[in-house]
Amino acid sequence: MKRVMKHRLFWPVVALVSLILINTVARSQFASITVRDDRLYGALIDILRQSAPLMLVSLGMTIVIATRGIDLSVGAVMAVSGAVALTIIDDATDPNSLGTVLVAVGAAVLVSLLLGGWNGFLVAALGIQPIIATLVLMLAGRGVALLITEGFITTVNSTPFSFISTGYVLLLPFAFFIWLAVVAAVGVIERRTALGVLTEAVGINPEASRLAGVRSRGIIWSAYAASAVLAGIAGVIYASNIRAADANAAGQFIELYAILAVVLGGTSLMGGKFSIAGTVVGVLIIQTLESTVLFLGVPSAQSPVFFAIVVVVVVIIQSPSLHRVVRNVFRGTRSGGTGEPTSDVEAAR
Amino acid sequence: MTNVETVGSERRNVGEYLQVFSSRHSSLLPTLAALVILILLFIGAEIFLRGDFISSGNISALLLDNAYLLILAVGMTFVIVTAGIDLSVGSVMAFTGIWLAKLLEAGTSPVIAIPAILLGGALIGLLIGVLVQFFDVQPFIASLAGLFLARGLAFVVSLSSIKVETPAVLWLQSTRIRFGDWYITPTGILALLVVAVGAYVMQYTRFGRTTYAVGGNQQAALMGLKVPRTTVAVYVISGICGGLAGLVLTAYSGAGYPRNGVGTELDVIAAVVIGGTVLTGGRGYVLGSLIGVFVYGTIKSIISFMGAEQSWMQIVIGALLLLFIVVQRAIVARSNRRT
Numbered sequence: 000m001k002r003v004m005k006h007r008l009f010w011p012v013v014a015l016v017s018l019i020l021i022n023t024v025a026r027s028q029f030a031s032i033t034v035r036d037d038r039l040y041g042a043l044i045d046i047l048r049q050s051a052p053l054m055l056v057s058l059g060m061t062i063v064i065a066t067r068g069i070d071l072s073v074g075a076v077m078a079v080s081g082a083v084a085l086t087i088i089d090d091a092t093d094p095n096s097l098g099t100v101l102v103a104v105g106a107a108v109l110v111s112l113l114l115g116g117w118n119g120f121l122v123a124a125l126g127i128q129p130i131i132a133t134l135v136l137m138l139a140g141r142g143v144a145l146l147i148t149e150g151f152i153t154t155v156n157s158t159p160f161s162f163i164s165t166g167y168v169l170l171l172p173f174a175f176f177i178w179l180a181v182v183a184a185v186g187v188i189e190r191r192t193a194l195g196v197l198t199e200a201v202g203i204n205p206e207a208s209r210l211a212g213v214r215s216r217g218i219i220w221s222a223y224a225a226s227a228v229l230a231g232i233a234g235v236i237y238a239s240n241i242r243a244a245d246a247n248a249a250g251q252f253i254e255l256y257a258i259l260a261v262v263l264g265g266t267s268l269m270g271g272k273f274s275i276a277g278t279v280v281g282v283l284i285i286q287t288l289e290s291t292v293l294f295l296g297v298p299s300a301q302s303p304v305f306f307a308i309v310v311v312v313v314v315i316i317q318s319p320s321l322h323r324v325v326r327n328v329f330r331g332t333r334s335g336g337t338g339e340p341t342s343d344v345e346a347a348r
Numbered sequence: 000m001t002n003v004e005t006v007g008s009e010r011r012n013v014g015e016y017l018q019v020f021s022s023r024h025s026s027l028l029p030t031l032a033a034l035v036i037l038i039l040l041f042i043g044a045e046i047f048l049r050g051d052f053i054s055s056g057n058i059s060a061l062l063l064d065n066a067y068l069l070i071l072a073v074g075m076t077f078v079i080v081t082a083g084i085d086l087s088v089g090s091v092m093a094f095t096g097i098w099l100a101k102l103l104e105a106g107t108s109p110v111i112a113i114p115a116i117l118l119g120g121a122l123i124g125l126l127i128g129v130l131v132q133f134f135d136v137q138p139f140i141a142s143l144a145g146l147f148l149a150r151g152l153a154f155v156v157s158l159s160s161i162k163v164e165t166p167a168v169l170w171l172q173s174t175r176i177r178f179g180d181w182y183i184t185p186t187g188i189l190a191l192l193v194v195a196v197g198a199y200v201m202q203y204t205r206f207g208r209t210t211y212a213v214g215g216n217q218q219a220a221l222m223g224l225k226v227p228r229t230t231v232a233v234y235v236i237s238g239i240c241g242g243l244a245g246l247v248l249t250a251y252s253g254a255g256y257p258r259n260g261v262g263t264e265l266d267v268i269a270a271v272v273i274g275g276t277v278l279t280g281g282r283g284y285v286l287g288s289l290i291g292v293f294v295y296g297t298i299k300s301i302i303s304f305m306g307a308e309q310s311w312m313q314i315v316i317g318a319l320l321l322l323f324i325v326v327q328r329a330i331v332a333r334s335n336r337r338t
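In order, the protein sequence lines correspond to chains A and B. Read in order, the letters of the first sequence are residues 0 to 348 in numbering that gives the first Met the number 0. Read in order, the letters of the second sequence are residues 0 to 338 in numbering that gives the first Met the number 0.
These aren't lab readings, by the way, just hints derived from the structure by calculation. All figures in this text were calculated on a predicted structure; none of them were measured in a lab. No residue lacks a Cβ here, since even glycine has one placed at the ideal position from N, Cα and C. Please note that a few of the clues may not be correct.
Within a straight-line C-alpha distance of at most 20 Å, the following computed SDA-like cross-link-like pairs (lysine to any residue) qualify [to be verified]:
no., chain 1, residue 1, chain 2, residue 2
1, B, Lys101, A, Glu149
2, B, Lys225, B, Gln202
3, B, Lys299, A, Glu149
4, B, Lys225, A, Ser320
5, B, Lys101, A, Lys272
6, B, Lys101, A, Pro298
7, B, Lys101, A, Gln301
8, B, Lys299, A, Asn204
9, A, Lys272, A, Ile203
Which stretches of chain B does chain A cover? Using the computed rule of at least three CB atoms under 8 Å from a CB of chain A, they are [said to hold, decoys possible]:
no., region
10, 127-141
11, 302-313
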């Protein structure tokens, strides 16, 4: 039991399960899944389907954060990617052909890769702080997206394109399979090859890992490229869901939710050890919470208050100073005296 | 560098004098660069766009339109000089603005309502500061919580915009104090007052010196400086500035709107960085941020005058931000080599 509790996924999973239980008790239809036209419907299926964009972005963010970085530009990359894809489909003679959609998605992902390469260049080659380096693209990216769509919200009617987000395969949403495949791919690349260990080494101590022969520049560069590519795919899914490229609304605040998901999953923002499974659980927690807030009848615009409370609680639980206090209290009760609190903890009172 | 050299430098040529100046005041260089850019923008707009760009009316309007941004930038300068960041300012401005409108609608006197919203802004700043200082939360994440909280609270206050009809608040915006062709509104005076107080506190008080020290070196506590108090205080200052900006913006637009200021935090950070404050902390000037905001506002008015799409605004600001970051990095790297 103790080993289970010590596992770093223990608390995130407890949070997710209790959220689902609370929902199930509060509304019986939450857990119910119905089959209609060979498709499964229900709140849980919706959560699986809707979490696709955030899941992809958060996976990329996990890798970047593991290298002790951060990628603020993911929302802007989503907007650019959606704009590229929809503009190509919109200009094509036959928007309904599968070929057009494949070309559009390919081009969108390629542009995202370029943007990620740019971020990686600023961070790995020029040595600019990640927050600032990606802030540049976060600011300018939406402008680029608006230029691509010429300031309009491009809308399309394309059956294969809509399928990406709303289609079903084998009873389940296609978008769910996309994120499942990406999770599996990232898991295999990071955990079955040395790349994951090298990424953690770069995040724990970039200088030492460079001296040890790790090509940290290349690893950091590829982390930003991967993050942008995943954000690009997320942008395509988002655009497919609303059948439009909205340069202002696409991926708004998603960088913040992605960082929250990564932190909820137990990956430290200080870089180093990261958990892909943790991020998956983190995203599902956020999506379930979103669904809960909606169910409670709270307007979705007000839901940030709940997320603020979650962020505050999570960061306080993770805080080293709190751990010191708790340790001191435990030591105090055991030895019969009070622990010696450190100076900043004392000041906190 | 001894006194002998200083005396000798008078006889040197201009190039050498510039070199001495730049090595002694390396932290001033980005701010001066921003000033040069601002002047070039004005001259360029005057020559290529229209003949009346450098006019009293236009410059007066620049201050009027960007008063809220200026107030936010002063608070942000304090935070960034301590090597922190405050993402919550845009949301705090929206929350305090809509709350003010709500209070006034309910018939509360502005004498009570305005201190109340300033207190609200300060409390959100306090929350961020306490998280940063006492729970070792990164400023980015702590202020992110502040952003979510304030944005959500803005929508809790009201989901739609509320019109303000209180004369005292509208007076802030509608009064034009004229000096010939120049004019200034009470909101503009308020913004300049915030800049003046901010610049004074930053340069000439013990608190200001401590702020620089905290950003320059986290070990500043070893020198007996009150680091915890200062760190919390800068976020509270930023929160109060958010509240003031909420007041100014509500007066400016004549209404509170919960969707105000989405993304404003990025504009503020960009303006502060363009004004020469280094994001890694320890260097920066409140007056530099004043220049940064004017650069931002001038680009905005040039772009809208040219009839170009607003998307160019984001691209130009992004490019300018990049330019200044690279310049700052070169300057910081050079001064680090010297020491």
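Status of each hint after checking the structure:
no.: 1; hint: Lys101/B - Glu149/A; verdict: violated, 38 Å
no.: 2; hint: Lys225/B - Gln202/B; verdict: holds, 17 Å
no.: 3; hint: Lys299/B - Glu149/A; verdict: holds, 19 Å
no.: 4; hint: Lys225/B - Ser320/A; verdict: holds, 19 Å
no.: 5; hint: Lys101/B - Lys272/A; verdict: violated, 47 Å
no.: 6; hint: Lys101/B - Pro298/A; verdict: holds, 18 Å
no.: 7; hint: Lys101/B - Gln301/A; verdict: holds, 17 Å
no.: 8; hint: Lys299/B - Asn204/A; verdict: violated, 42 Å
no.: 9; hint: Lys272/A - Ile203/A; verdict: holds, 8 Å
no.: 10; hint: 127-141; verdict: holds (count 11)
no.: 11; hint: 302-313; verdict: holds (count 6)
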